[in-house]
Structure formats: C-alpha cells, structure tokens
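Student: Next come the chains, spelled out residue by residue.
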Amino acid sequence: MEPVTRVSGTAYPWGAKNIDTDVIIPAHWLKTIKRSGLGKGAFETVRAQPGNIFDDPAYAGAPILIAGDNFGCGSSREHAAWALGDMGIKAVIAPSFSDIFSGNAFKNGIVPVVLPQEAVDRLVEVAKTDEVTVDLETMTVTTPFQDRFPFELDAFRRRCLMEGLDEVGLTLAKDTAISKFEERLDDERPWIRRDAAHAGFAVEGAGRT
Amino acid sequence: MSSAPRTLYEKVWDAHVVERRDDGSCLIYIDRHLVHEVTSPQAFEGLRAAGRRVRRPDLTLAVPDHNLPTTARVDAAGNELPIADRESAEQLGALRHNVAEFGVPYIDALSAKQGIVHVVGPEQGFTLPGTTMVCGDSHTSAHGALGALAFGIGTSEVEHVLATQTLILSPSKTMEVRVDGTLGYGVSAKDVVLAIIGRIGAAGGTGHVIEFTGEVIRNLSVEGRLTIANMSIEGGARAGMIAPDETTFAYLKGRPLAPTGADWDKAVAWWRTLPSDAGARYDKSVVLNAADIAPSLTWGTSPEDVVPITGVVPAPDSFADPSKREAAQKSLDYMGLTPGMRMQDVPVQHVFIGSCTNSRIEDLRAAAAVAGGRHVADGVRAMVVPGSGLVKRQAEAEGLDRVFTEAGFEWREPGCSMCLAMNPDKVPPGERCASTSNRNFVGRQGPGARTHLLSPAMAAAAAVTGRLADVRELMG
Ligand code: SF4
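If you read the sequences in order, they're chains C and Y.
If you're matching positions, the first sequence starts at 26 in my numbering and goes up one per residue.
If you're matching positions, the second sequence starts at 694 in my numbering and goes up one per residue.
Careful, some of the hints might be misleading.
As the list claims (entries may be wrong) - List time: in silico SDA-like cross-link candidates among lysine to any residue, alpha-carbon distance up to 25 angstroms: (1) Y:K704 x C:A202; (2) Y:K959 x C:W216; (3) Y:K1017 x C:E69; (4) Y:K866 x Y:K959.
Read the hints as simulated data drawn from the structure, not as lab findings.
Whenever a hint applies, use it, and build me the whole structure from the sequences.
Tutor: What follows is the structure, encoded as structure tokens:
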C-alpha cells in the first residue's frame, strides 16, 4: 500500500447523507475478479443525472470527497473503496461513516475523516471554490482561510496509513501467539476444530435433484 | 473469584482475545468463516501473490449464492447447464478454482446443500453459539441469532482471516433492544425488526453490537430470530446477538456440522454460561412493546422508513429534521408516492419471496398459508426463491411448491436472486416490488426499481391482491 501522509487538492462539495455502497458502486459492477477499473462505475446512478457533481469539470480528479452522515452504509462490498480509489479519491470527510466502510477505506489507503456537522458544512462551502488539505501528521483539515479542524484516528490505523503497512504481514508475525491461542482453544472448546472426519464437504457436487 | 457482570457480547469477545494491543484494539480469533463468490476472488488473489496459504481450511466454508441464476442448473440428463452471463460464470469459476487450490471445504452450486450463505451456515450447524463468525457480506449479522458474534467484513479482511484466522478489532459499544409482550395476530419477526429499525433509525446502532432481548425474542423460533438478527446491520449495528437457550440447542442438535457426543455436552455446558449476567450494563437501551407493532412495511428508500400497513405515506413536512425532510421528498419522488396516500391503495407489479432475511421453511409456510386457494393478481409477477436446496426440498415434501405454482407463483432455484439483482432476476425501472428482502435502497432490485420491504405473509397478500395489503384481512 502507498503511504499517505497528506491529501491536498480540490474536493467534491457534496454533503449528501446516508450514501450507501449500492450508490457508490452498484451491484452489477461486483462481478469483477480484479480490484482495478471500478472508477468507471463509481456513483453511476448519480452520474446518470445531468449537472451532477462528479461530472462537473471544476472537480475533475479531486482527491477528496465531502459527504454527509453515515457515509458507506449498507453492503460490506470493498468494491466501494476500490471504486473511490480508482477515481482518485484519497480522503473522505463526513460527520460519520459506517463501521465496515471505514475499515475498508483504511485498508485501501483512503482516509475517512470524521468531523462535526458544522465543520463539514463549512468545508462544503469552501470546496466550491478552494482547495482543502487533510494532514495526518498534524491530524487537521485546513483551508486557505485559516479554518483548522482537528480530527482523530485510531493510532494503529494512522500508522498503517502513514507507513503503508501490510496488515496481513504484520499479523502473520504474531504466529506464536495465534498458535498458542489455538492450543488453548482445542483444549477448552474442542468442538470448534473440525477434523477431516466431520468436515465432510470436500467439493460437494452430486445429489441435486 | 467473582468478576463484574458481563453482557453476552463481552463474554464472547473476551473468549476470543489473542492479544490486547496498547491502543485498546485486540487481535481476535475467528472460529468460523463463510466465503462466497463475490467478495473472495481478490482475497485469494492476494494470498497467491504473497505466497500465503489458508491457515485453517477446517474453519472455513465456501458456497456460491449471489450470482447464481435461479433457473434450472442441470438439464434433464443431469448435465450442468452453462451460465449465460460471462462475468458471473467467470466469478463462479474463480471460486471453484480457488477452493480447490487452497483446500477450502466447498458446497457446489449443484449440491442440494447449496443456498444463501446465511441460510446454509445455521442449517448445516456450521454456525454455533459463542463463536466469532465472519463473511464478506454485511448480513452476516444474521448468525447472531444463535448467539454467535457474527459480522460482515470487506475483502481485505477476508484475506486477513484466510491467512491468519484473526482480525484486528476495536471493541464495540453495547445496545440492548428489548421487545416486551406478545405479538398480535398476523405480526411476524419481520414486522418486529422493521419496527425496531423504524424506531432507532438506519444509523441508530452505529458503533454498537445490539443484543435483542425480551419476551417476544425469547418466544421466537431460531428462524424468526435469524430474520431479526439479519437486519441488525440495517439499523447500523456492527452485529446483533440473541442469547442461546433451549430453543437454540434443540435447533442445532443433530445438524451435520454441529458437535456430537462428549463435545456436544461440553459445548452446551459452555453455551449455558453465555447469556448476559444480571446487572450487566449496556451503553444504550431501547424498549419496544409488542402491542404497538402491527404488520409493517417500508414506504421509502431507507429501511428506517417504516409504517404500519394501516398507515399512510408520510408528508416530508412531518419530519422535524430538515435533512430527513429533504431525504423523504427524494424518496417519495423515487418511489412515485404522494403524501397521505393509503399504503393499502398502492399497487404492485412484482412480489419477491426470498433472501437471507425470509427464505427459510417457516417463511415459505407463512406465505403459502396466505397464497393457498388464491391466485396471483393480474399484472403481477410473483416469485418464490427458497434460501437453500434443502429448504426447497423440504417445501416440496410438504407440497408448498404446488400451493405456490397453482396460485401462479414462480418456484425457483436457491440464491440471492432479486434481493440484489446481480443475477438476471431484476425489477424493471419504475415498477414496484413487495419484497421480503432487507434493503429498499435506490436501484437495489434493479435500476429505478421501487421496493417495499415486508414479511412473507404480507408479500403473499400483495401478490394475490395486486396491491400492498393487510394480511390480517386474508387470514383465518
Ligand atoms: S440474500 Fe441479499 S442480503 Fe442476503 S446475502 Fe444475498 S444479497 Fe446479501
């Protein structure tokens, strides 16, 4: 993953609430087996409307999206984060995010920035004409007008973003702790393990009537 | 040694901590991982690229569901029929290939055990109380009905679990949703969960794990509880849980993947320790009274837009919050409804009985009880999509398929189908569907499709009357 320390540039001054992942990327785009190329389908239903914000040349290629409450609710599809990333978005600013979406955003190097509604309203205004900066070093969102909105991020996630760390690799380094836990599990809750005898499922094909 | 009283959620969480980290997050062990074709290809691709293996194939189970057409899968001679949509076929093929390469237990599309991943898990006894359970699908919350801590994850997390059998998680807040009293005539689990979401709102549970409690929940079957826990995510919650009890144990006993013999006894003994302790505290509590819950449905494009069937389409002005007012106006425009219109006067063109919320045998029985001896109204297309091949078989053994087909419903092969319209089952633009699924989002059942969420009995009532109807007038 590319490290992210600062995202600066134009921002889509959207502010819409309850944007679900079906809006971010409709289901028919989910048939891909790749991570790339989804930017084409991002916000497809919004883009079908004339005069929409995403096709406004003033914001073309903006790295920041400003949205309303509960951004990314609904389906857990990580395709939503891939689609945003593919259209060049590196930070989303909103008063709140769905839990699953914000996890997916982090893992794809997109910063979900939570700010109070008043700050978001102000940024929507500013972004119509000017650039916005999200800085992970100082943990602030700033504008050319001396606005300065501090935000918070989980320390581990912040480090992963800033250093571009691979979470799977980090966890695999804990192999001893995981193996120890598994030994205890086998002992205390032996029914969790499924041995070959009652796994009983290796490529099950027959029997359809 | 006595410890502070803990909730069900806290007990399951504590039992799965591999390591506590300085920032309060934990490395959590995952006992059960369900995999389907849509959210896994990129995860397997990631493993392959890094030369990693699946750590615990025995704790993993894969089954295709989202993309599968619900038409016949084999011809008269028993040969597999090709899937017309090239991308769907490719994604289903990728799953078959990946499970073989990584040695993951797999239920093929042609098996009678195939079905929607959240129907298959409990049905096979793969879902167990007190387990941590994940799947790359937000309605994984359903499995909480059996007392599992179950939640949806994204594809990067799918890869993380495949490789390490763990996830890095921060503890959630806890929320109790208690439903007191006894359900009225014609009121089902679906009406209860719609009423709950109508009450707490689509973001009401954000950051929380809900525990559903109270007399109504205790008296529900496991299937009814699955309907409730399934929609926890529509109230914004990370997960929904219901304390395991005798109903849960009776449901699980003898299922193919449930523990047996001494393991069963040991498991039940531990499961009995899981319900929340007296005096355990929740960060939030909400109480509903069953007497206030009528057969309900949605009018708008958020699952929180709930009204009783006896109600009318609300006026946007009736909402205090200005942003909700605006959203309501947009919803009404999209839904083609006008304020003050009686819900019962709204005509429908499609009826969908299916999805992981309401496609189990009890759901089909409830719908068949209304459909029996009646006929689908002119101009209505109604389909029944059982949640799994085994549900389908059971329904056929009970003659429910004939009840439906004689009434003019289509009787189809199991899968997600019109719940998300990824396969060819779609609602055309501007047409209206009474659906037993869980999401009424814009375009969810096809571009421009209008969705009303309701119970299986209410869906059957809509099919035979050709409009949204009060099922109580058709019962008994
Ligand atoms: S039935 Fe619908 S909600 Fe359930 S898993 Fe399938 S697509 Fe998701």
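Student: So which hints don't hold here, by number, going up?
Tutor: Structure breaks hint 4 only.
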